[in-house]
Amino acid sequence: ILNVEQSPQSLHVQEGDSTNFTCSFPSSNFYALHWYRWETAKSPEALFVMTLNGDEKKKGRISATLNTKEGYSYLYIKGSQPEDSATYLCAPMTTDSWGKLQFGAGTQVVVTP
Amino acid sequence: DARVTQTPRHKVTEMGQEVTMRCQPILGHNTVFWYRQTMMQGLELLAYFRNRAPLDDSGMPKDRFSAEMPDATLATLKIQPSEPRDSAVYFCASGLSGGVKDEQFFGPGTRLTVL
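Protein chains in written order, with the numbering used here: chain C, 1 to 113; chain L, 114 to 228.
Check the hints yourself; a few may be wrong.
Which residues of chain L face chain C? A few of them, derived with a C-beta cut under 8 Å, are [stated by the list, open to error]:
no., residue
1, G141
2, L156
3, L159
4, Y161
5, P167
6, D169
7, F178
8, A201
9, F204
10, E216
11, Q217
12, G222
13, T226
Calculated from the model, a selection of chain C residues having no Cβ within reach of chain L, i.e. all distances over 12 Å [as the list claims (entries may be wrong)]:
no., residue
14, T19
15, S24
16, S43
17, I62
18, K69
19, G71
20, K78
21, P113
DSSO-like cross-link-like pairs, simulated, lysine-lysine; straight-line CA separation at most 27 Å [stated by the list, open to error]:
no., chain 1, residue 1, chain 2, residue 2
22, C, K100, L, K191
23, C, K42, L, K191
24, C, K100, C, K59
25, L, K124, L, K175
26, C, K100, C, K78
27, C, K69, C, K57
28, C, K100, C, K58
29, C, K59, L, K124
30, C, K42, L, K124
31, C, K57, C, K100
32, C, K69, C, K42
33, C, K59, C, K42
Because the hints were derived from the structure by calculation, they are not lab data. Each residue gets a CB set at the ideal place from its N, CA and C atoms; glycine is no exception.
All chains, full assembly: derive it from the sequences and hints.
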């Protein structure tokens, strides 16, 4: 079982503000990092898959960076909107995990108007 | 609109009863995952199939849980006998090849309550 840490556990953001949060994972045997977005009462949905050190991905106002050498990824939300409220999960995959994802506990984001 | 389906969506049962949850993966997907969402553990992997073969079920309590794929369109997760601590939301997800780029598509989940 991988040690995947996400911080903070939760955060409240005012509409229009930008925010970011962290996913930390073991850098050894790294293969890929997945980010998922999970809205309340719905199912997790994939946001990004990142593989290379220095990778940056963007989808609308949400972007992510990856540092495989030190084992962390940041997810950024620019100009937060109420519809961005969700729990954001990261899940690393290692070279010996046979396609399995080890999900972190998530960062719960609440955007208030 | 291809999506993973799960039945039932909600299940309330009494301790000791058998519970069977079903999942229909997206047509053409060859990997299926069963997850359990709990307050304590977050989203934990119970079992993982590729091409209908079980690859990893180390996250599953073996004495009462079993997972199977009778065919490519159906995956089942069975609990016998069920216990109150099994109360959780159970998600099924499917994907293609299980490769690094392949995202997992989650079903709507089965909310299980064991009284």
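Unmet hints by their number, sorted upward, for this structure: Violated hints (numbers, rising): 1, 3, 5, 7, 8, 13, 16, 26, 29 and 32; every other hint is consistent with the structure.
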